[in-house]
Amino acid sequence: MLTKYIELYYYEVTLFTTVSQQIATASTNAVTITPSNSLINVATTHTNTFTTSSNAYALTYQYDRESTPSFDNKFVTCTGSNKCVYFGYPVNWIIEYAATSIPVSVSSSISMTNGIYGGTYAGLARAYSSSSLIIFKSTFNTVYNPNTIVTAYF
Amino acid sequence: MGSNTLYKGADVYYSIYFDAIAPTQANSMIRFTFGSGVTLSSQPYCSSSIGLYVAEHGLRCVNEVSNTVLKIYNLAALSAGSRYTFTVRLKSDLTTGSTIRPTVTIRTYYSYNVDYSVIDQKVNHLLAATENNYQTIPNDFSI
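Protein chains in written order, with my numbering: chain X, 1 to 154; chain A, 1 to 143.
Just so you know, these hints were derived from the structure itself, not from any lab.
Since the model is a prediction, treat every value here as computed from it, not as a measurement.
The C-beta atom is built at its ideal place from N, Cα and C for all residues, glycine as well.
Some hints could be false.
Pairs of lysine to any residue residues, derived as SDA-like cross-links and limited to a Cα-Cα distance of at most 20 Å, are as follows [unchecked claim]:
id, chain 1, residue 1, chain 2, residue 2
1, A, Lys71, X, Ala152
2, A, Lys71, A, Tyr45
3, A, Lys71, X, Gly119
4, A, Lys91, X, Tyr153
Partner residues are not named here, just some residues of chain A that face chain X (Cβ under 8 Å, in silico) [said to hold, decoys possible]:
id, residue
5, Asp19
6, Ala22
7, Leu94
8, Ala128
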């Protein structure tokens with residue numbers, strides 16, 4: 001009779017299978033970011049115009065982490081009735097999704113605080129299908145303007 | 001604080017001041033970029049009564065780019081609304097024109113450790129008065 005006498009190790013092995021996917025990337029920036037106020041460090045609304053390859057289920061906007069402050073984690077209604085989820089560092093993502101679908105061209109309304117430094121900062125936008133696959137991606141630039149000194153002498 | 005008469009290559013002391021809009025961290029930085037006919041003197045110079053980050057190191061200023069950008073660092077935190085005054089030494093570089101009116105672009109940086117962290121700026125601020133360029137207007141003399 002064979003019985004378990006002593007167990008030295010118990011180690012689970014899990015195998016994954018993966019699928020590969022060709023992700024369409026915009027040859028030029030398919031996203032434009034227009035803050036209602038581009039001054040550094042102010043709360044404002046960014047109008048993010050994103051033209052994708054086809055209808056999407058969700059969009060993500062990955063902002064830079066150099067100038068843009070870490071987002072407060074929250075869940076809000078944003079563009080129309082669409083929902084937006086904010087994730088702070090280390091990702092600094094805003095995920096927008098709709099009850100049905102997001103059209104090929106959408107102007108998202110994103111409330112956030114502008115970056116704390118002036119300059120141009122790069123981000124990455126992605127569009128996802130309902131099966132969670134990325135269908136399109138594009139880089140984008142956000143421009144923040146420093147304060148203008150009013151009183152100066154030379 | 002210019003002399004109203006400039007000779008090519010001659011050092012002249014200038015005063016610059018500005019009121020900060022946004023505060024900075026301790027160990028902040030300022031850049032002055034000069035244009036329209038003046039460059040830093042061959043021995044860059046700056047002085048100020050501004051607070052220092054590490055007092056023992058003194059006020060640090062270096063010629064950063066082609067004798068046109070003066071980087072000033074080892075600064076204590078700048079306060080919003082406070083006035084900061086500097087004296088710098090420049091020289092005329094003009095070879096043509098009878099008058100000269102140099103410009104300065106002032107930029108303050110949130111932190112010395114983040115080189116691009118500009119938060120306040122004033123671009124191409126003109127010298128208060130137009131000065132004569134004696135490179136092209138020689139003095140008369142009597143015999």
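Violations among the numbered hints: 7
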